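What follows is the residue order along each chain.
Protein chains: 2
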Amino acid sequence: MHANFDLGSWSSVRLLQVEHALERWVTADTPQGLDHGAPAALVEAMRYAVLDGGKRLRPLLVLAAHEAVAACAAPNPEAALRAACAVELIHAYSLVHDDMPCMDNDVLRRGKPTVHVQFGQASALLAGDALQALAFELLTPLDGSVPAATQARLCALLARAAGSAGMAGGQAIDLASVGMPLSERQLREMHELKTGALLQSSVIMGAHCGAPTSTALAGLQQYGAAIGLAFQVVDDILDVTADSVTLGKTAGKDAHNDKPTYVSLLGLQASQAYAQELLTQALEALRSSGLPNTQALHALADMVVNRAH
Amino acid sequence: MHANFDLGSWSSVRLLQVEHALERWVTADTPQGLDHGAPAALVEAMRYAVLDGGKRLRPLLVLAAHEAVAACAAPNPEAALRAACAVELIHAYSLVHDDMPCMDNDVLRRGKPTVHVQFGQASALLAGDALQALAFELLTPLDGSVPAATQARLCALLARAAGSAGMAGGQAIDLASVGMPLSERQLREMHELKTGALLQSSVIMGAHCGAPTSTALAGLQQYGAAIGLAFQVVDDILDVTADSVTLGKTAGKDAHNDKPTYVSLLGLQASQAYAQELLTQALEALRSSGLPNTQALHALADMVVNRAH
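As given, the protein sequences belong to chains U and R, one line each in that order. Per our numbering, residue 1 is the first one in the first sequence, and the count goes up by one each step. Per our numbering, residue 1 is the first one in the second sequence, and the count goes up by one each step.
Since the hints were derived computationally from the structure, they do not count as laboratory data. Every value quoted in this text rests on a predicted model; they were computed, and no experiment measured them. Heads up, a few of these hints could be off.
[What the hints assert, rightly or not] Pulled a few chain U residues facing chain R out of the computed Cβ check, cut under 8 Å:
| hint | residue |
| --- | --- |
| 1 | 107 |
| 2 | 108 |
| 3 | 109 |
| 4 | 121 |
| 5 | 125 |
| 6 | 137 |
| 7 | 140 |
| 8 | 144 |
| 9 | 155 |
| 10 | 165 |
| 11 | 171 |
| 12 | 173 |
| 13 | 290 |
Even for Gly, the Cβ is constructed at its ideal location relative to N, Cα and C.
Using the sequences provided together with the hints, build the complete structure.
See the structure below:
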């Protein structure tokens, strides 16, 4: 169906834009309307946490959803690039805090020492805090490049996806559930908050940088929910099937930490079948959106489910 | 001049509104547009951090600035109440993180065990993170009660005041400067970020809930800068002149921790004179704003400088 779509070349152009934008926006430069810039040491820790690392799945989802909607009406590539970077900053800050000794106590991330190992715990705490604020700063430029209604909508979506009924809430449930038996429903609810909310929000924020119809939005909501869940199911599968070198992080860690996973709950084979079923759901939702230009979203869903790391 | 203005009765009405709103908005209820509510344990830690404590100076500054501007044009009390609660959530989250062992390692705050003592470090970290997100959620209601342009402006102001060129940046400088000799200029710059940015932003956010003239904004900017700095000078004075019971926190702590303060730099008497000079500047700035209804702002500045704790 999308035989002619090359995700590799589509992504490489967008990844360059995102890296360049993050490089430019995570700085110590004095923002408009303030007398001071940010202290260099803090910004160094923030840049270390954000630049040169990660698959940038969330930014790619933002940009792909924007392109799907913008093919119909009212594109705003500047808003989409800002939203793409904002969701990545939220993701990056969550990793910094998640790696700290009082949480997962991880010393390596993407082959580098984690932020608290490199800069100390206090700096890691502050860098994470400042990255969250910076995400909302990126969404609210003072130069008129993004309409106020779009700024407000993007901030509303990101705040809810990041907060207590989204990512932070999911992390709290995760923390409380180590060593506890969870039902599949409880496990799904935990992941819908912990990783699903921000992945789904990436799709919806990208759509809102254009002018989506309600049919398009409904389809993209379902698409985002399906790939958000699929992402976690595949993560659990890879934790037992891949080796640490391929993963870029410690394999078998969830089982070792006695964390409930889809594999421990459903078994490996049923988990793999579930991931494929979620991919089917995601692609069906894309069709139901009525959007003509969904090749990138299609390919990203396929990549989420069939990735090797 | 304002002989008939009673700050006590003015404040008590507004404090009730703020406490009631915080009570209502820091909850586990499912927000609009999400399938889930927030996990109860996380929300319990968030409520513990926010409710029933603190002078609520920042919310009072928001409401006073809004009333000063709204006397001329376009009041929006709903926006002002949301902004008042949002700045308090940012302040509350900063205290939660600041008290953690990797930062100031404080075990008591407002006479209660700090959040990490009561709920554990991981929960304190997540509660702080979620409170920051909730601040932006409060600023972006989905019910049309606050115009999109106001939502965008309030998010822009709060993000910059909280982030690396504001509060978090000031904390980073504070962290790096323990035991280091600072010049008065360096000390002032640190405090302008650490506490000044959010105090000043409270005033400006309140003004932007109405429709301020540029003259009014310029005056309020100067007012906010003066009281932001005065707040810290007085804090330093009280650290050496008040006892712990009056302060509600450990007196003499800064000197003990070898932190640079105005008193260690200028001496006690010159610091007291400086605080009075800043009060004069703040009141002069209010006059220059051309706003007719500044009694509450006047009285709050007076309270900041002449408080006993």
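_Unmet hints by their number, sorted upward, for this structure_ = The structure breaks hints 1, 2, 3, 8 and 13; every other hint is satisfied.
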